[in-house]
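Student: The residues making up each chain are set out below.
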Amino acid sequence: MLINRKRGTTPATQDYEPAYFCNIPRRKACPASGSQQLCRGARSRGAARMSRIFARTMPVMHARRAAAIWCVLAILALAVLMASLALGSVPLTPARVFAALMPLSSHSGAPADLAGEIVRSLRLPRALAGFACGALLAVAGALLQVLLRNPLAEPYVLGVSGGAASFALFAMMAGSAWWLVDASAFAGAFVSILLVLGLARRELWRGEPQDTSPRLLLTGAVIAAGWGALITLLLTLAPDNRLRGMLFWLTGDLNGGGLPWIALAALVVVLVAILPAAPQLNVLLRGDAAAQALGVPVMSLRLRVYLVASLAAAAAVTTGGTIGFVGLVVPHTLRLAFGNDQRMLLPAAALGGGVAVMGADLVARTVIAPAQLPVGVITALIGVPVFLWMLLRRPR
Amino acid sequence: MTIRTTPPAPSTGSTLSVQQVTLRAGTRTLLDRFTHTFYPGEVWCIAGPNGAGKTTLISTLAGLLQPAAGHVELDGLRVAAWPPVSLAQRRALMPQSVHDAFSASVLEIVMLNRFPHLAGWGWERPGDRAAAHAALDLLGLADFASRDVLSLSGGERQRVALAAVLCQDAPLLLLDEPLSHLDLHYQIDCLEALTAWAAERKRTVVFSCHDLNLARRFATHGLLLDGAGGAFAGPVRDVLTPALASRAFGYPLILLQDGGHEALIPAPRSPDVQQGTAGPVP
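Keeping their order, the protein sequence lines are chains A and B.
Each residue of the first sequence is one higher than the one before, starting from 1 at the first, in this note's numbering.
Each residue of the second sequence is one higher than the one before, starting from 1 at the first, in this note's numbering.
I should point out that these hints are in silico values taken from the structure, not numbers from a laboratory.
Note that the structure is a prediction, hence the values are computed from the model and not measured.
Cβ coordinates follow ideal geometry from the N, Cα and C atoms, glycine included.
Certain hints may be false.
[Claimed, not checked] Stretches of chain A that chain B covers, calculated by requiring three or more beta carbons in the stretch to come under 8 angstroms of a beta carbon on chain B:
id: 1; segment: 120–130
id: 2; segment: 282–295
id: 3; segment: 337–348
Next comes chain A alone, as it looks inside the complex (with noise of 0.2 angstroms):
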């Protein structure tokens, strides 16, 4: 019966016509409802262990629950942020590090001196410069994941990277200063974004809302390839001493020492331009047609939306170059933990990220130290692992 009734709604679903069906079930019924009643029982009694399952994993969210979420991460922030400013190739206690924070204890003993030197100038711009990059691409992978609404979307997804990279490369095989190659890899994201704007204008800002998000998605995709091409051919083309630097910025790298203060404004723009609309991007996630007719204005939605992900990725990969994974993991994992709530998510997203990529590049600078790793290299070895089981281990 239970097959039957399989086989009979199937159809149905596609092109439903009972006009012919309408009184076929109340002949039927008496025979069958016995066994019917049977795969209904069955069917509740394991709705029922689901639902207790489920009500252990995915309670609803409310402020106070994101709050202690969010102070729970705050909190590892801040111990992942002691460990990065005291751990290294001079390592420091806590208290020292303090002391080094403090403004007045620049002016004591020649040591102390130096360990202030090594925390202010040294650790605490990188450590700074990690947690802003894994904030921002974390962000922009829940915020791009929204947006097409696919779960595999993440920070580089649309090209953004890409045209990043190309830009920086470019100038990296020029031989440009730091300034100019960051200034460069600015640039790209923009021209990239530009392009992505001017190809997908009908789903980002023109024309009616309707679930075209495979449409943005392919755009964006396929720039990305092209800006592969053309990153190939970068490095290719470039002179042996300079394609070390190359591979590393391509990797993600923080070692450049570039500036945490611009990111980190970044990361507060984005959040301020973002967070009032968590309420609209749950809505949004039911599609277009659902959203609009909640009050949602879709499209306007949308390109903000988009902006401010291509913002953020583009300020993270200007500090840090393309860090893999922290966008697309950080998002899922915390979605896994604590469910799908954009008020909740994407402040989380910020903090994660932040603890995900300062404590990748801890590990980074002191594994092997005193040689250094590329960032990128850590958060991709973790990252493929950890995203692997996620993936696999969810019975659909």
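Assemble the complex: chain A is given as a structure, and chain B must be docked to it using the hints.
Tutor: Chain B in isolation, oriented as in the chain A frame:
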């Protein structure tokens, strides 16, 4: 954050009026200069063959689509002129299909439809949670509250979507194929819940449906589209008649009556029909 005009009290019914509306799909005219008013307390079924414009009409009524000509008014104000959030407090739309890409509990999905009622930082208040639970209870989905939407079957998803629009608590409900994917007993349960819900506070329900017999049994009024510009509107038993339905669907239907029961069924094909001559006259 969002500017809200003061909407009428939620208990009052909404009147939806269609003025000289023309709908087109490509070069085809689906509906030609249609003028009509839906009043509070009425339950309307929109019927018609595939591609007749049921979904287009419902989207237009909801204000999501601009008609090729004419306009739609809700409570005397054009839907395009309503502030979106105020409009969402007055009319709810259930689109034909919603695909969820991410896990979420059923309760969270249902509660999303409280969006037009959120204030401040956009967190739900206890009243919103209570409305969502009440809507789930109404459709017998209380046990589903903490289930993952991705684990639901097509029919369960459809009932959850219906609970979601009910918890939006708007006096006008527009439903695009709310009964698709549902087993017969759920179709009847849902229609009973809907008609009771409409009668309770003089709310208006407009739904599209392929089952003419369920429409005749549960709707108060029917709107039959023929897909060629024509539309018939009126009390459901005057509109979903064998003669009009046969013409609209392009297949002869007959009305069987047995005691108090009646059913519209497709006329059996006689052998001469298969040879291409005239079919039975309804």
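Student: Next, verify each hint and record whether it holds.
Tutor: The hints, checked one at a time:
1. 120–130: violated (count 0)
2. 282–295: holds (count 11)
3. 337–348: Coverage by chain B holds here, the residue count being 4 at a Cβ distance below 8 angstroms.
The structure does not agree with numbered hint 1 stated previously, though it agrees with all others.
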